[in-house]
Amino acid sequence: MYTCADLKKGLKLMIDGEPHVIVAFDFTKPGKGQALYKCKLRNMITGSLFDRTYRSGESFDPAALEDRDMQFLYRDESGYVFMDNKSYEQVTLDEETLGDDHYFLKDNMDVKILLFNGRGIGITLPNFVTLRITQADPWVKGDTAAGNNKPATTESGYTLAVPSFVETGDLIQIDTRTGDYVTRVKE
Amino acid sequence: MEPNWQLARKRHKLNERARIVQTIRAFFVDRSYLEVETPHRIPGNAPEGYIDAVPAGDWFLHTSPELCMKRLLAAGYERLFQICRCWRAGERGSRHLPEYTMLEWYRAGVDYTALMTECEALLAALVPAGELTCGGATIDLTPPWERLTVAEAFTRHGSLSLEDALAAGRFDELIAFEIEPRLGLTRPTFLTEYPASLAALARKKPGNPGVAERFELYIAGVELANAFSELTDPVEQRQRFEREEAQRRTAGKAPYPTPEKFLRELATMPDAAGIALGVDRLVTLLTGAESIDEVVAFTPEEL
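In order, the protein sequences belong to chains A and B.
The first sequence begins at 50 in our numbering and counts up one residue at a time.
The second sequence begins at 1018 in our numbering and counts up one residue at a time.
FYI, nobody ran anything at the bench for these hints, they're computed from the structure.
A hint or two may mislead.
Per the computed footprint, the stretches of chain B lying under chain A, defined by three or more beta-carbons under 8 Å from a beta-carbon of chain A, are [as the list claims (entries may be wrong)]:
# : segment
1 : 1023-1032
2 : 1101-1112
3 : 1190-1196
4 : 1305-1312
The beta carbon of each residue, even a glycine, is placed where N, CA and C say it ideally should be.
Given these sequences and hints, build the entire structure.
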């Protein structure tokens, strides 16, 4: 059982017999008043989104899901194909289910695939992936401030903010949980 | 190893934050307020139904410097301010940090209306241009700001009247989701005259005991400050603490010790008004940040 204190973005709950994930979460509390936990929930089967507010004292069932270790094989017209490392069973996830995560998939990458009644409904990536920058504005000479940033695009087509010293061709590490730049990687 | 880039890019906001805090300090020093520091670790906080303290050894981290500052008032200090860290367990959201910075100031011999005027003056010192741009809208800071009673706010913005919301136990929900987002959008709003049942440490309004002399300040839909004409009657204060403790027990929460020294000295406290203002929220607003996370060097998740 989860309580309100466990609620956070990414938590998976069973609501009316179907798994739901919290896609946006905010805690709010009017002055001297009670805590209100505002959740935007996505039905992991139908994809439908809705808002719900909880207050302390409520409890929740974890979603009955199975997490299985798999490997990313390839992409075809049906979607992204993964294989169970032990049973060789294959599961296909479409781009909509993957969301932004598809930008971080590399061939033969080990991931966890989330199954509900045998159907792949989600993915957990490694926390960090390394991708090559294919487009970034040139470094302006004299700009040495560590906090300055500029947009860049990776080999997978993902765009993000990077420090000004990152250049086209560099390898960078990205935190897949936030989608943010972490560091440059030496080859 | 590269420097921590997420931290490095906060430099501009942290510079602005430092300037804001320095301006606040200068504002109160100019007005002959005494800056004080009271202990962060105390035997017990003022019991409040919905505020949970973080235990520290046998004692607690303070949820506000309120009790110690009022003991100073009771000892004859007439104008006091403090900028300090406060801790509230379980509070984390886009406008909440479990450890945050509070500005509190207290003034003897005045009621809460004097603090409204002082809020107007403080913002004038912080924003000499007299207007703020928030999410594309301009907020006019020219005093006097709007004064709106809680009952009027429910009539104007709520789906239920104040009376019906209280009866249905939906006061907080309506305040948070229907009323707050509509307050202080074109100029700041003081939400005033809270129901006496939500008074905490505030004095009931002379001649209208159904409401307390309490206000909250809203700018751009954000609650920035909470103020009272202080209750100086130790008997009534003890009853309120007991009521809050009973509510905490019903909710299955650990009991807090009654602050006996505070209650004893409250008998000698002069009429006074006090206010707590969230500094992180103020900096968020003044720097055009989107979340409280942007204006602190470290959030708990980054530690």
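Against the structure, the hints:
1. 1023-1032: holds (count 6)
2. 1101-1112: holds (count 6)
3. 1190-1196: holds (count 4)
4. 1305-1312: Three-residue rule not met by the segment 1305-1312 of chain B, so violated; n is 0.
Hint violations for this structure: number 4 only, all remaining hints satisfied.
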